[in-house]
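Chemist: Here's the letter readout for the chains.
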Amino acid sequence: MKKSNPKAKIRILLSKPGLDGHSVGIRVIAQALRDQGFEVVFIGIRQKNQTIINAAVQESVDAIGMSMLSGAHISLMQDFMTRLRKTEFRPLIVIGGVIPTGDHDRLLELGVDAVFNTKDSFEDMADFIRDRVKTNIDEGE
Amino acid sequence: MKNEKNDDTRILESGIEVRSLYTSEDIKPADVNGTPGQYPYTRGIYSGMYRKRPWTIRQYAGVECSDKANDLFKSLIKQGNTGLSLALDLPTQIGLDSDDEWAFPEVGGVGVPIDTLRDLEILYDGIDLHKISVSITVNTSTTVIMAMLCALAEKKGFDLQRLTGTLQNDVLKEYISRGTWIFPLAPSMKLAADVIEFCTRKVPNFNPINICGYHLREAGANAVQEIAYNILSGKAYIDESLKRGLNIDEFGHRISFASIAGMNIFEEAAKFRAARRMWAKIMKEEYGATKPQVMKAKFGVGVAASALTAEQPFNNLGRAALMALGALLGGIQSLHVSTYDEAYSIPTEEAITLAIRTQQVLLNETGITDTIDPLGGSFYVEALTSDIENRVYEEIERIETKYGGLLQSISGGHIQNEIYGQRYEKEKEIRSGKKRIVGKNCFVQEGEEYLLELKKWNDDAPRMQVAALNKVKEERSQKAVEEGLSQLRVSIEKGENLMPTLIEVVKTYATLGEIIGVMKEYYGEFEQV
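Line by line, the protein sequences give chains A and B. According to the numbering used here, the residues represented by the first sequence are 6 to 146, in order. According to the numbering used here, the residues represented by the second sequence are 286 to 814, in order.
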């Protein structure tokens, strides 16, 4: 079993799936996670789901973070999780943006690990990702 | 390090330090003694301003298909509206058809999908285009959408000379902040100028460009940078258009600005005053404009959605009203008040009504229209107006000397990095509580949970739109479409203004995606930096 290395930087890939170009949120998160000691791979906005997955596999990141503001988060994440399941790859999946609370359960059912909103502090987000990534590695997922 | 306890420094987002008192020594009589309606228009572009004609109440919103939009338009006209503002969905904004796999989930999401001329025919069915002005928020795909509007007008017997309306067509801000680019910068500037040139010569009552500061501010730019980049963008579009042999006096008055009002009432009011003064001077002194209307900067303003919070959302009603006040004290021409549920979703009808009511309260109950430029002569606001003006000139010079100009700074990703960096710093200040936001980091109520009634997403919209598109494709002549697209290739290779060809091509019911696809073959696509 592979043990987590407490000193290793967590690698997270960030992007925006879909067509919306409002990128403030994801860019702010990119900076914040860097400041929290993460290695951030930002592949730009308006990416196709398959492009995000391929890039994540290639970079073998620990987590994928995505921001959506256009309202299309349910259908985008349905498609994303279907595509991800076709691979062996199981990174942590976290999302944020403008996502009504009423949609959170549905997204978690789809297999998203967490839905963040503006109330979550950078530290809490970073801690959550760190803890879950560490658990995933220690459990040999 | 400054002594925290005694540090009462107040610094505006635009970097200007505000003193606790301003006096007559802070202002220059020459800057203060202007007259509204007179060059350089610091006090307003019209002599009567709101006393004579109030600002235009213009809310921006989208519906999910062209026949619903047509119903909405007709009811708005019945209520006395003389202008229709059209929001397009994201696939249309970036030139994808509704049946594109990538586009499908977002069809009809944030606005109306336009695949072919048929959608525009449905959209404006029964609407008198001689009487009703048509505003379309479209940027990268402006050439094709405007060609469709012209084709529609020709088919329905409307005179292009008599069409009125506004196109956004500000592609530069797409690269900096809004993100719906398609082509690299050079062809994008060419296409923007194609629209300006064509409108100037053939659709002279149409405003072919509306330069946006709104999105720059939302992405992290401050008020000084907003005006600096707007001026630089404006000059870039003008320079490109002058190369076509146009004269500044022919089209300069058709340029307008889509700006923003944030929470600092005085900074925003001063910003509009400074921007008018600068634009007038630049038009007159740099471009040699002789017609006064060419020197007048017209502002359509939206209140800053980024200042609205998800927490305690009803606080946003107060915030939006105060931001609107700042804009009106700055003498702007039209106003959109963002809704209190902005942080959650596309607004509900109730939220839109409250935004309109907010404007009506300002208009009818506050005395804002009683006198022109009520802040004129205020030691503080006049000093701030001059400070902002000076700083905008400095910022313009910095962009030119450091990066070699606006376009270079965009293609190198420099402006983007700078303003997103600023946005991050601001976010840190908010999260640390240094910058106080009521309900978010102070006056927080523990355990509060706000359940807003949110606008329902129509899951059926994409499927219905694709069915409509398929029907158009069955009915059209494939041969005519192919010939049209070949003609477009010839036109692109010749480097001529594409508008006349595009008008003919869209009449074949060639799709937006097919047309943009041909353009991509020649122009390529922008690569993110």
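Any given hint might turn out to be false.
Claimed, not checked - Quick list of simulated restraints, FRET-style, between CB atoms: (1) Gln763(B) / Asp125(A): 51 to 59 angstroms; (2) Asp125(A) / Ile412(B): 41 to 49 angstroms; (3) Glu535(B) / Glu114(A): 32 to 40 angstroms; (4) Phe94(A) / Gly802(B): 49 to 57 angstroms.
Treat the hints as calculated values from the structure; they're not laboratory data. Even glycine gets a Cβ: it sits at the ideal position worked out from N, Cα and C.
Chemist: Each of the hints needs a verdict: does it hold here or not?
Modeler: Do the hints match the structure? See the list:
1. Gln763(B) / Asp125(A): 51 to 59 angstroms: For Gln763(B) and Asp125(A) the Cβ distance comes to about 53 angstroms; the hint holds.
2. Asp125(A) / Ile412(B): 41 to 49 angstroms: holds (46 angstroms)
3. Glu535(B) / Glu114(A): 32 to 40 angstroms: violated (60 angstroms)
4. Phe94(A) / Gly802(B): 49 to 57 angstroms: violated (32 angstroms)
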